[in-house]
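Take a look at the letters that make up each chain.
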Amino acid sequence: MLKFNYNKQRHLSLLKKKDLTFTEQSELKEYSCLLDAMLDWETKEQYIDLLEKLISRKIDAFQFYIEFRERSDSNGKVYDSLKANFLLLSPHEKAKEFSNFICEIMDCCYSYSEVFESYESIGSDHLKFRNNMEEIYLKIQKFLKEE
Amino acid sequence: MSSLLYISISSDLTKDEIFKIDQQVKQNQERVCVFIKKLPSNSKRKARKLFLYSIFLFQLSQPVFVTAAVVLPLPPSIDKFSSIEESKIKVNHKSSQFINIYTPKVDKIKLTDNQIKEFNDLVFQLNSGSMSIDEVILQLRGGDGLIDLVVIIAVVIFANWYNSSFGAEGFMLQDPFAWWNGQYDSKSASNGQCLSDPPSRFERKTLQQMKQMCSLEPDENGFVMTYDEAYNLIKETYNGALQITPECKISDWQCAKKAYHFQNGFGIDLDSYPIDKKDLVTLQKADGGLIRYVQRGGKLPPRQFIKDSQQKVYDFCHRENTEINRNAIHYSDKTGRTPCIMFFNRETEQIALFNKTSCDLITADKFRTNYFNKCVDSGQVGNPTN
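Residue numbers (my numbering), protein chains in the order written: chain A, 1 to 147; chain B, 1001 to 1386.
Hints were generated in silico from the structure; no laboratory data involved. Ideal Cβ placement from N, Cα and C applies to all residues, glycine included. One should not assume that every hint holds.
[To be verified] Below, in silico cross-link-like pairs of lysine-lysine (DSS-like), each with a Cα-Cα straight-line distance of 30 angstroms or less:
#1 K58(A) to K1277(B)
#2 K1278(B) to K58(A)
#3 K1278(B) to K29(A)
#4 K1312(B) to K1374(B)
#5 K128(A) to K1366(B)
#6 K1285(B) to K139(A)
[To be verified] Over the 10 angstroms line for every Cβ pair with chain B, so calculated as not near, a few chain A residues:
#7 L89
#8 E93
#9 V115
#10 L138
#11 L144
I would like the entire structure built from these sequences, with the hints used as guidance.
Listed below in structure tokens is the structure:
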């Protein structure tokens, strides 16, 4: 579990400040990552639901890829909107680590994007992609059960 | 060019004969000039190429006693032909000293029955995808007998309109007859773009005949064309590239493939183009990529959209605060570990990734904060898969 000290007031002041020092930039980056992670944490049920649908073969790999990216893009837009309006969320202690799993899924999506977009892949089961997602799903389940 | 064509035999002609020939050539050249000038401004480059070709074709269609003496070889390709210096093929300045015949308004094409048939045949082949524009031009050059100049011009104008205004969907997915009916005129175009001059009643009749010939019905799989036809259509439509740096470029094809990302991550305003977001979403969601999308009759991103997207990426890569990692890696399940050049901007959280070997764009998008940081810190997009 990651340990951190989140100071909402400090985050807000850094967001409003124009000329940041190098240290302040690093600090703001850390806060921004937490806000971004918090959005993934808030929507974790939807991510998990998507993974379960893929594993139970209710959707195919390509559908998962599209819906996952839509979910992620949507969170990205909310993040931009929150930042622009100086609306901040207090982060959950598990948010950062959960977000790393989302990054892992995103990595897989980028690795497979060319496959999904290629003509030869039509009708493929994309078993490797499914297996990767299943592994990540199991890791997420284990992580969520941890105290 | 006209002077070049018959200068070698002029010694055998009387002064009156030379004068007559010169007058005829000059008159027709002026007509072509006015035609080309009236084309949309964004099609100047192609128009010039076609203009040069039209002039050449016209010269071929001159009476035998003129062309028979010409020893100039036929150009092996249109592209090569276009590289001929324009100055050499423009106007015979000597003759223009005593010939001053002008036709200020020649934008109405009057076709005879025979010309209608020739025009229909050519456009039908274009529409069905069995011939590309270049092949049609070649057909005009090498067809049975010499096709009349009016037909050549009609096809050139139509082909040019199709290319410059709508990209590939001009024939397949837009209504070519709407063009003929004036729906894309400045008065009718909703986006304020002037796309063509209104045709005459006679021209509309011609297109009406074509309409009956050109209706496209999807097959049982929902495809309106075969793989090869779709592939060739894309290849012919998106055959260029924008050089970003000496080692990076964005090919039109790749740009079209990633159109959704440009709209999403690079702030391209779709209102400026004749394409909807839903079309790009459909393209993005098309399993099998761009080819399958086209096979299903999907609307291709317009050329101007492609150009503007490429320019956006160009500008992004040349921004002052955009950084470069020349040793980045992209992991793909299809191609494996690919050395890349990564352009990234910490402020906008955008990344443009270029294949170091092919130089072409792999992806360009706005990334989520955490994933952006992960990619920039590791210099890696994607992950080795098991």
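Hints, one by one, checked against the model:
Between K58(A) and K1277(B), the direct Cα distance comes to roughly 27 angstroms. Compliance with the 30 angstroms bound is thereby established for this hinted pair. Under the criterion of a C-alpha separation no larger than 30 angstroms, the hint pairing K1278(B) with K58(A) is consistent with the structure, at around 25 angstroms. Pair hint K1278(B) plus K29(A) does not hold up; C-alpha atoms about 34 angstroms apart against a cutoff of 30 angstroms. Between K1312(B) and K1374(B) the alpha-carbon distance is near 24 angstroms, which keeps this suggested pair within the 30 angstroms criterion.
For the hint linking K128(A) to K1366(B), the alpha-carbon distance of about 27 angstroms falls within 30 angstroms, and the restraint holds. Distance check on the hinted pair: K1285(B) and K139(A) sit about 28 angstroms apart at the alpha-carbon level, within 30 angstroms; holds. Separation of L89(A) from chain B is adequate, the least Cβ-Cβ distance of about 13 angstroms exceeding the 10 angstroms criterion. Distance to chain B confirms E93(A) as a non-interface residue, since its nearest Cβ pair spans about 16 angstroms, more than 10 angstroms.
Listed as a non-interface residue, V115(A) fails to keep its Cβ farther than 10 angstroms from every Cβ of chain B; the least gap is roughly 5 angstroms. Look at L138(A): its CB is around 14 angstroms from the nearest CB on chain B, clear of 10 angstroms, so calling it non-interface holds up. With a least beta-carbon separation of about 18 angstroms from chain B, L144(A) lies farther than 10 angstroms from that chain, consistent with its non-interface assignment.
Violated hints for the displayed structure, listed by number in ascending order: 3, 9.
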